[in-house]
Amino acid sequence: MRSVLLSFAAASAIVLGATAATALPATATVAMKQAATTQLKGPKPGTYGRHAAWPAPKAVPLPTSGPPGSCGPWAGTNSTQARTVASHGQITSCFLVGKTWVVTTTHSSGPPEIGTLYCGTNATCLNGWATHQLTAFTWHIAPAGAMLRLLHLTGSSIQFYDGQNVISFNTQTRRFAR
Amino acid sequence: MIRRSRLPLRIILMLSIAAVLFGPPGIAAYAQSPSPNVEFKDFAPGSSPSGVNGFIVEGLGMLNCYYSLSSVEQQTVADINSGHATITEISPQGNCIPGGGEHIGAYESAINSLVSYVEANASRASTLWGGIMLDEEPDFQLDLLHVYALNDWLYHKMLGVPGISFWYAEPGNWSGGWTQAQYAAVFHDNGTDGYNYSSIPAPQIYNSFQASEQNALGYTNQMVTWWGGASYPWDGESGTVSYASTQISGAPYDQQFGTNHTFEWQNQFQAA
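Chains A and B supply the protein sequences, listed in that same order.
Oh and the first sequence: position 138 is 138 in our numbering, straight run, nothing missing.
Add 178 to the 1-based position in the second sequence for our numbering, that's all there is to it.
Think of the hints as simulated: they come from the structure by calculation, not from any bench.
The structure displayed is predicted, hence computed values, not measured ones.
Be aware that a few hints might be false.
To be verified - Restricting the straight-line Cα-Cα distance to at most 25 Å, the calculated cross-link-like pairs of lysine to any residue (SDA-like) are:
#1 B:Lys219 with A:Arg149
#2 A:Lys99 with B:Ser225
#3 A:Lys99 with A:Leu117
#4 B:Lys219 with A:Val97
#5 B:Lys219 with A:Pro68
#6 B:Lys219 with A:Trp129
#7 B:Lys219 with A:His152
#8 B:Lys219 with B:Asn299
#9 B:Lys219 with A:Gln159
#10 B:Lys219 with A:Gly155
#11 A:Lys99 with B:Lys219
All chains, please: the whole structure from these sequences, using the hints.
Structure (structure tokens):
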């Protein structure tokens, strides 16, 4: 039932984009809603400050899927594989650039690293939720910095902040540049 | 004798308090409730694909960086005029400002221009333009006083913009970046330091550190920003429910954008 409701809600949401320009102003209900929302400027009153206590977290199932270009448990921070390649640091992000998987890591000391795996047309390899062997990645040590925080993607070029400067990495040449 | 008779009452009282605070096992949780049923997605100026619930126009640092102000303005108006819920995002950075990070007036000028352009060219801005989202992070070459000053200015600016249009705080922090108190003040300042503002929280939740830090703030309404490029399991999503949203307390951002739907929003960051 819940999934049906969610599906309905999601489908309805898309209608906002598809037909809103002609459909929305027609009903009194909409007009009432508009009147209500115009008064809602920012957070509702009373939504700031700490609560006395939040309930204990409930165990939520780990995800079994993600958007295209995302990575499964093999790239998890605490995965067995991650520990296997601990010499390359702790995984902070994992994403697909073209046909190349890119994994970024940080070290407790020393510059971060990028691991790359080119898939070509291999569909299994391009599926991020299929298991990949981190030992198959090629590793590249950043010239400086303490982290690689993704800023921007342009073709095969990735722009990061390294903690002090913008630095780019090209997945085709596999080289860093400032 | 009297003390003995009171003991069970005390136990009952303590259990009652515990039940109120912690709830029955398996019901209450650090999870957005209700679950998000729609999401915003980031797109660079020039891109607005179909099938998206709501657009975030990703302007990045603007000024001297990446995208031009005019391209951000035009895409914002185009998305609104196509009938979509729309937010315009900027990532203020010192190295994008002509003259350096002391001159945040450059961002104020850019935002003034953006607001004027949107209000003049998007007739439904009052119900479809959520307003401006600021992505502020510790390494963006702006010291905190300038971050707070810009937030304070933006808060008061957007209060004067018609309709729902306001501002969203989408900070990203990490261990060793801002302190918890500094992070909290990016969202909301209580006026004791001369600044007085509040935002619609849209925190970046890409890992357990960020989730823990955000939950400590205790917001009852917030829009979780998650990223498919975060390390597993923070990159996961089932339907419209991100794993990140299952780890954050309170309710999702509840805004109907002038419709009679029941929209509960999350925000999916995409590199653009």
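Cross-check of the supplied hints:
no.	hint	result
1	B:Lys219 with A:Arg149	19 Å, holds
2	A:Lys99 with B:Ser225	21 Å, holds
3	A:Lys99 with A:Leu117	8 Å, holds
4	B:Lys219 with A:Val97	18 Å, holds
5	B:Lys219 with A:Pro68	14 Å, holds
6	B:Lys219 with A:Trp129	21 Å, holds
7	B:Lys219 with A:His152	15 Å, holds
8	B:Lys219 with B:Asn299	23 Å, holds
9	B:Lys219 with A:Gln159	20 Å, holds
10	B:Lys219 with A:Gly155	19 Å, holds
11	A:Lys99 with B:Lys219	22 Å, holds
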